[in-house]
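**Student:** So the protein lines, in turn, are chains L and G.
With full-length UniProt numbering applied, the first sequence closes on residue 507, and no number is skipped along the way.
With full-length UniProt numbering applied, the second sequence closes on residue 507, and no number is skipped along the way.
Take every hint as true, because none was put in to throw you off.
For chains that are exact copies, the list does not tell them apart, and a pair is met inside one copy or across any two.
Only pairs whose alpha carbons sit at most 30 Å apart, straight line, appear in this in silico BS3-like list of lysine-lysine: (1) LYS342 x LYS364; (2) LYS350 x LYS257; (3) LYS280 x LYS440.
To be clear, the hints were calculated from the coordinates, so they are not data collected in a lab.
Protein chains: 2
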Amino acid sequence: MTIIGNLLIAGSEKRGTNGEFHGIESATGNPLPVSFGGATPEDVERAASKAWAAFQLYRETDLESRAAFLETIAEEVESIGDSLIVRAMAETGLPRGRLEGERARTLGQLRLFAKEVRDGRFQELRFDGADPSRKPAPKPDLRLRNVPLGPVAVFGASNFPLAFSVAGGDTASALAAGCPVIVKAHSAHPGTSELVGRAVQRAVARANLHPGTFSLIFDTGFEAGQKLVADPRIRAVGFTGSRRGGTALMEIASRRKQPIPVYAEMSSINPVILFPDALKNRAREIASAFVASLVLGAGQFCTNPGLLLALDGADLDTFTQTAAELLAEISAQPMLTPSIAKAYSDGVAKLERHPEVRSIASGKTGSAYEGAAALFETSAEAFLAHHELQDEVFGAAGLIVRCRNLAQLDEVVDALEGQLTVALHIDDGDQEAVTSLIPKLELLAGRLLVNGFGTGVEVSPAMVHGGPYPATSDGRSTSVGTLAIYRFLRPVSYQDFPVILLPQALR
Amino acid sequence: MTIIGNLLIAGSEKRGTNGEFHGIESATGNPLPVSFGGATPEDVERAASKAWAAFQLYRETDLESRAAFLETIAEEVESIGDSLIVRAMAETGLPRGRLEGERARTLGQLRLFAKEVRDGRFQELRFDGADPSRKPAPKPDLRLRNVPLGPVAVFGASNFPLAFSVAGGDTASALAAGCPVIVKAHSAHPGTSELVGRAVQRAVARANLHPGTFSLIFDTGFEAGQKLVADPRIRAVGFTGSRRGGTALMEIASRRKQPIPVYAEMSSINPVILFPDALKNRAREIASAFVASLVLGAGQFCTNPGLLLALDGADLDTFTQTAAELLAEISAQPMLTPSIAKAYSDGVAKLERHPEVRSIASGKTGSAYEGAAALFETSAEAFLAHHELQDEVFGAAGLIVRCRNLAQLDEVVDALEGQLTVALHIDDGDQEAVTSLIPKLELLAGRLLVNGFGTGVEVSPAMVHGGPYPATSDGRSTSVGTLAIYRFLRPVSYQDFPVILLPQALR
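Start from the sequences and build out the full structure, keeping to the hints where you can.
**Tutor:** What follows is the structure, given as structure tokens:
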């Protein structure tokens with residue numbers, strides 16, 4: 001499998017001439033072989049125009065063909081073989097095991113959406129029979145189905161080079177809904193993106209679909225991505241990344257002549273709440289699981305537990321002491337990109353300098369491209385007074401907030417912004433306290449979990465990977481799990497249609 | 001039943017002190033008895049605070065209680081009796097028959113949502129069983145349900161003083177979803193609003209709900225409504241009205257610290273397309289049905305057929321001639337408010353003066369408060385060159401666009417903005433032409449209908465009263481029919497919850 005650095009537009013390929021950039025080896029900061037050419041406005045225009053043409057055919061593919069296409073993508077991605085893992089390792093610094101697992105998840109995701117397509121429930125077919133004799137007015141025949149929104153722009157995520165990138169969750173759910181996809185590759189893993197993009201391109205060809213069903217572009221800055229979101233033929237956006245990036249796309253989308261939905265998964269510090277009885281009975285055990293979740297993948301997960309709330313006292317001292325001891329043994333890990341490593345160390349330094357924050361442990365330090373785990377603590381008063389302590393530090397940094405009592409913990413919860421997850425650690429004696437808190441947490445986050453951590457996002461029908469703003473741009477949606485398909489659909493009603501004119505599914 | 005002009009805030013009432021206004025008799029422009037006091041910022045604040053408190057209880061009402069509450073609202077509105085119809089007639093100028101029908105629709109709507117609540121499907125319950133032995137990682141127990149967004153601000157519509165006002169579709173669907181409601185009464189029918197508001201207040205009391213579950217405020221300008229949408233405790237907005245009003249609320253909602261969804265149903269000219277065979281066979285019959293739909297309720301329907309596309313020629317001449325003859329016999333009808341009458345006559349005058357537009361018929365003229373029907377025609381070239389010809393003229397004005405051939409008609413369709421409805425008039429010989437156009441129309445509107453007109457919106461499971469921007473702010477939703485409940489819900493996932501902590505529905 002060759003990496004050339006070309007844009008993949010609608011079944012063909014070409015060199016992008018709007019600047020160039022290299023993939024960077026995460027471990028060294030050195031450029032990797034092959035440069036990638038950025039898309040010109042004309043390239044974006046061409047991809048959008050082809051996607052629009054493809055949409056007219058792709059939207060009405062029968063469910064079986066569409067499902068088979070998703071499975072073909074999975075096959076083609078799988079057939080890239082080890083060169084995909086090797087390139088992804090170099091570009092992201094993520095270890096082999098993690099990337100192999102992520103590939104399995106990516107393939108599983110595509111196959112799960114194939115199943116969802118075959119199931120057909122997403123079409124939301126509804127039939128209201130006519131009653132010509134009804135008084136005062138005859139009742140018409142009404143039938144409803146969901147139709148796809150149109151071509152979708154997908155922005156690959158830095159931290160999931162496979163599962164939330166070129167053939168990741170946004171792409172799989174948009175294609176499942178009947179929408180062509182144009183991916184803007186994340187510049188943190190352009191080679192990985194090209195390999196997967198070529199696999200999707202092959203799947204489009206094998207399935208005899210219009211080549212405009214899929215395109216992949218590179219962007220040396222923000223120009224191509226912004227032009228994509230502004231293009232009138234793009235009808236929805238899927239994005240995983242920073243709050244700044246997500247809100248910038250929301251702004252562009254809302255200023256269009258026809259505004260479009262942006263599904264941006266942006267930032268979350270995923271509060272962990274330790275309840276008193278659990279803390280008393282299992283401080284060491286929970287501390288160990290917490291540190292494991294905090295440092296997983298160098299902390300570069302959207303669901304990384306960045307905030308921990310608990311009641312001050314001897315049990316919390318036991319917890320922090322255990323966590324500190326374990327954290328001190330953690331080796332520095334390569335981060336996804338040099339700039340992410342830099343942002344992480346800046347974020348940690350800011351916490352270290354904060355007058356109200358105490359550093360309680362650091363993992364082993366490494367190179368400038370690696371992130372050392374870090375654990376901090378502060379008081380509830382300080383946390384409530386300093387809103388910047390809610391800022392996500394993307395990486396393995398955690399902040400423990402010591403609360404005087406449950407009422408103050410409640411106050412801290414009230415002050416939190418929208419989150420992807422909230423994790424509750426409880427034992428039998430905590431039932432009353434947790435019961436009274438849950439209603440509040442349901443409004444705060446998309447997923448609540450008990451005696452676990454948010455890292456490890458199951459891809460399944462009952463998953464919500466979403467949450468109120470600013471965790472995402474639209475708390476009514478999820479980007480993981482089968483419910484994600486509904487983001488790219490809207491209902492249309494057909495009144496008194498002769499059968500011959502009805503869409504097949506409504507006949 | 002007494003009208004006092006008071007704000008109804010959370011079970012109590014008080015005089016609004018932020019200016020005052022009167023209901024206006026539509027037929028004369030004279031003020032009706034009783035003045036209404038506008039809400040102060042403190043009143044809005046209090047309603048929002050009470051709604052938030054009520055939300056914590058109302059969101060977890062069991063389905064049976066919530067359904068019974070909706071039915072109690074219907075009962076209480078019904079029990080107002082004829083004084084409701086009499087006051088609504090005076091305030092809106094709508095005839096008794098129409099208002100009695102609208103009341104029946106309003107009651108039916110409330111009862112339909114009661115049924116939808118009992119059915120429980122809107123909860124979207126999903127269960128993924130655990131598998132502790134799964135490799136490489138155990139599968140967690142995941143359960144999902146929809147939860148209500150929070151208190152909803154509803155802006156009553158001028159043209160449906162009952163069915164899209166205080167206890168109308170937005171209110172019914174929000175309450176069904178588990179959201180308290182604060183209604184900003186439309187100043188075109190404040191007395192009608194107060195009567196219905198008191199009925200809802202009585203229903204809240206009878207159902208033993210928290211009084212903050214419902215409030216009704218008056219606004220002498222835009223201040224109270226804007227403050228309502230900006231209030232952090234309001235979590236969604238339902239609005240039916242002008243494009244200017246809707247986009248202003250969208251702007252406020254997007255600028256909040258936590259942006260919220262705005263469901264604004266704004267403007268639509270509801271294209272009617274006459275295909276050649278139908279026009280040849282049934283020009284007179286369709287013309288008669290068209291004129292009836294155009295002038296229904298003085299044309300003051302969101303789904304009023306304001307635009308008609310057809311091929312130029314003798315058949316269209318027959319159509320226009322018939323329509324012109326029928327229209328000339330139509331009496332002027334009182335419009336909802338003096339300002340709506342003024343806007344209508346300005347809109348008609350603008351079309352009369354337009355160099356590319358020809359007036360082909362006018363209905364009988366009446367008082368300054370009445371609207372005379374008007375029919376215009378133009379060429380496809382002119383329509384394509386003058387975007388302002390797409391502007392909605394709210395009232396019984398129609399514009400016929402003469403197209404040279406089907407290709408040009410297609411071009412006109414391409415130039416149209418998002419619509420609520422598109423009506424197709426076809427006969428057997430039109431099948432090919434209509435088949436090729438339907439995919440385009442599915443992207444243009446929320447409801448497509450054959451051999452009928454969009455006026456008369458069925459309240460049922462398969463109805464879509466929505467459509468791409470600018471017909472509405474969010475083409476993924478409907479404001480009429482049971483699907484409307486989904487606007488006020490979001491999914492939450494519960495992972496590894498002990499049964500005792502799960503919401504009842506998920507146990």
